[in-house]
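In the order they appear, the protein sequences are chains A and B. Quick note: the first sequence uses the numbering used here, first residue 31, plus one each step. Quick note: the second sequence uses the numbering used here, first residue 149, plus one each step.
For the record, the hints were derived by calculation from the structure and aren't laboratory data. Don't be surprised by glycine CBs; every beta carbon is placed ideally from N, CA and C. You may find that some hints are simply not true.
Lysine-lysine pairs mimicking DSS-like chemistry, simulated, CA-CA at most 27 Å apart [what the hints assert, rightly or not]:
hint	chain 1	residue 1	chain 2	residue 2
1	A	K109	A	K254
2	B	K189	B	K287
3	B	K189	B	K235
4	B	K227	A	K254
5	B	K192	B	K235
6	A	K164	A	K254
7	B	K287	B	K227
8	A	K115	A	K50
9	B	K362	A	K73
10	B	K227	A	K318
11	B	K227	A	K313
12	B	K227	B	K362
13	B	K235	B	K150
14	A	K50	A	K164
15	B	K150	A	K234
Facing chain B, from chain A, some residues (calculated, C-beta under 8 Å) [claimed, not checked]:
hint	residue
16	A137
17	G149
18	L165
19	A195
20	E300
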Amino acid sequence: MDVLFQNVRELVERAEQEGKLISEIMIEQEIAITGRSREEIMKQMDRNLTVMEEAVERGLQGVQSVTGLTGGDAVLLQKYIASGKSLAGDLLLDAVSKAVATNEVNAAMGTICATPTAGSAGVVPGTLFAIQHKLNPTREQMINFLFTSGAFGFVVANNASISGAAGGCQAEVGSAAGMAAAAIVEMAGGTPQQCAEGFAITLKNMLGLVCDPVAGLVEVPCVKRNAMGASNAIVAADMALAGITSRIPCDEVIGAMYRIGESMNPDLKETARGGLAATPTGKALAAKIFGGAVVQGQ
Amino acid sequence: MKFTSVFDIIGPVMIGPSSSHTAGAARIGRVARDLFGRQPKWAKIYLYGSFAETYRGHGTDVAIVGGLLDYDTYDERIKTAFEDAEKADLSFEFIPEEAHKEHPNTTRIVMGDDEGEMSVEGISIGGGKIEISEVNGFKLRLTGGMPAILVVHDDRAGCIANVANCLAMHNVNIGHMEVSRIERGLTALMVIEVDQNIEDRVLQQISYIPHITKVSRINN
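One chain only, chain B, in its complex shape:
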């Protein structure tokens, strides 16, 4: 089931004009920032389908940039996100694409700063609800509606157990988990949806586990 809460239907409270193209877009931007772990210095924002055709009219552009600045869907500052981005030293570029994606409202945000880069693909499935469909080339399905951690690691035996053990030690319950890899024996990704927000120290401990290359999270 894609929609689980009545507030997915009666909600969100948001700045107009479009739940999918404005509120959903802001949410994708915000989750992308969360996954990156900090505000990026630059962002290349690729738009597909209906997003590419109508992004200016719907404020999709200001909403995504607002999300990257950590604004929520109801934050009035979304309207001035472009000016705010300049002040916050975030440069951005919008690239409407002709290619068709599976879902008509898709965006891929490639962002970075002096320390790193990340690519996050998100889709806006209606009524402000979103899914993250790809991170750094890994296919996944993440709603952003629950706290989650993403762990990039070497594809070795024991990695998954070690991370699960670490979460168990901190009394963190796993609600849903997915693992995927680009190629056997190379890099793999764990996507773990959990019941509560993850504290910094848990994240740090996971990053100390051997063969773990990167850890990021989405808190609610």
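So that you can see chain A by itself, here it is in the shape it has in the complex:
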């Protein structure tokens, strides 16, 4: 199989030596591995981008999950931004609200595009559709944003994990946030190495994050974790663009994430037995939702 990169170092080296964007290396690898045409591949990613746009749009109109645990927060944030009182800044909160919008639609069993998973599907589109207003990218550049995210996610998925059940939330929202940071850096004109720094800085700050969904539902705390993943990604991208580097190389951060996931107690890996799921309120919510049939192991 013609793999062009197995880790971030190889990805960055190839991009810098050939004077190409990371998104371009990802597209070339996809062509090499699948034998599909560039046009076909771009078209499929374009469709995925459209699904993401529609999910955000739907979320911003306000949705509620079946359980009522989540929904409506994206709308609250947009109203707050419109009030002009935002402390964090409009761009950051716009990203947060669009990340939340996507995950609220996901929790309501709506249609979304997993990036890299459904539980972490808000971060990448949330950041993309917020920085869009600042950087005014072409449609092709927006599609490339997803390929750059995909390139980093590809490395994480093959060298560590993108599954909360296997590696905790650091593997899901942590990976998604790193992917988004790298793609933001590229869209803002940063170098491939700066993309890697953005990824590393983000993931370092999400290491150890456990997966502890209340009642086993992808709602609490997943929706708000996407919010923080999006803000983490934008801040880390700005740090990388400012010239700040990660003392621990990107691939080693990914390796650390994998080992932390391996040593994480199974109660904290998507089993709904520990963390927030095991709090008195978490347990009460689970009992209420399942009509007394309490989730096991509490």
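Fit chain B to the given chain A structure using the hints.
For chain B alone, kept in the frame of chain A given last:
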């Protein structure tokens, strides 16, 4: 490498809420149906690890049943799969197990109808990606991402060559192949990943080869 395509990472397009517990589960159900060759009349669905703990919250149950009804990950009908199953004359039962499997998101689907039975074990490895780890007691590794044929046969010399010849005659290229057997001289299984979808007539011809007991396929 478990993940080969960028669309394993940016994708799939799916009905929420969980890529591993909803989309992956639907895919396992759908591949199981493909391997069985038709919609089963009944299914016993065993769940392990995180699947067993959180299947109701994640819609793992409706997703697997949806898969057995041939629904894809983005099919809105997943939400009504239970009602649809009743109309389609498919009865099902979920059995959460305490035993631990190698991977936390594992399910074993035992299904059948008046003509036969089959057991398929699948794991959801993250982001909607799956692997089939066991079929009728045979250990194997199948991603469902490529078209494949599974051939159950007597463990005799020449069987593998005959099947390979038949594929060559139809210009079907083999990408990856695995053979395994439960015990020497008894029943064996060939798992053959191929580059293109397999037509009915190829499947039929393979089934006519001596010592071949069963042939099934996964098309893409």
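- Interface hint for A137/A, Cβ within 8 Å of any Cβ on chain B: holds (5 Å)
- Verify the proposed pairing of K227/B with K254/A, using a straight-line Cα cut of 27 Å. holds (25 Å)
- Task: Classify the hint on L165/A as holds or violated, based on whether any CB of chain B lies nearer than 8 Å to its CB.
- Result: violated (20 Å)
- Query: Within 27 Å, alpha carbon to alpha carbon, are K227/B and K313/A?
  - Reply: holds (26 Å)
- Message: For a C-alpha distance cap of 27 Å, please report whether K50/A and K164/A respect it.
- Response: Between K50/A and K164/A the Cα gap is close to 23 Å, so the pair holds against 27 Å.
- Is the hinted pair K287/B and K227/B satisfied, with a Cα-Cα distance of at most 27 Å? Violated, at about 32 Å.
- Is the hint on G149/A kept, meaning its closest Cβ partner in chain B is under 8 Å away? holds (6 Å)
- Would the pair K150/B and K234/A pass a check requiring their Cα atoms to be no farther apart than 27 Å? Roughly 24 Å separates the two Cα atoms, so the pair holds.
- Given hint K287/B paired with K189/B - CA-CA distance at most 27 Å: Judged against 27 Å, a Cα distance of about 25 Å means the pair holds.
- Sort out whether K362/B lies within 27 Å of K227/B, counting only the CA atoms. violated (34 Å)
- Assess, step by step, whether the Cα of K362/B is no farther than 27 Å from the Cα of K73/A, and give holds or violated. violated (39 Å)
- Message: Does K254/A sit within 27 Å of K164/A, going by the straight-line distance between their CA atoms?
- Response: holds (24 Å)
This entry does not satisfy hints 7, 8, 9, 12, 13, 18, going by the numbered hints stated previously.
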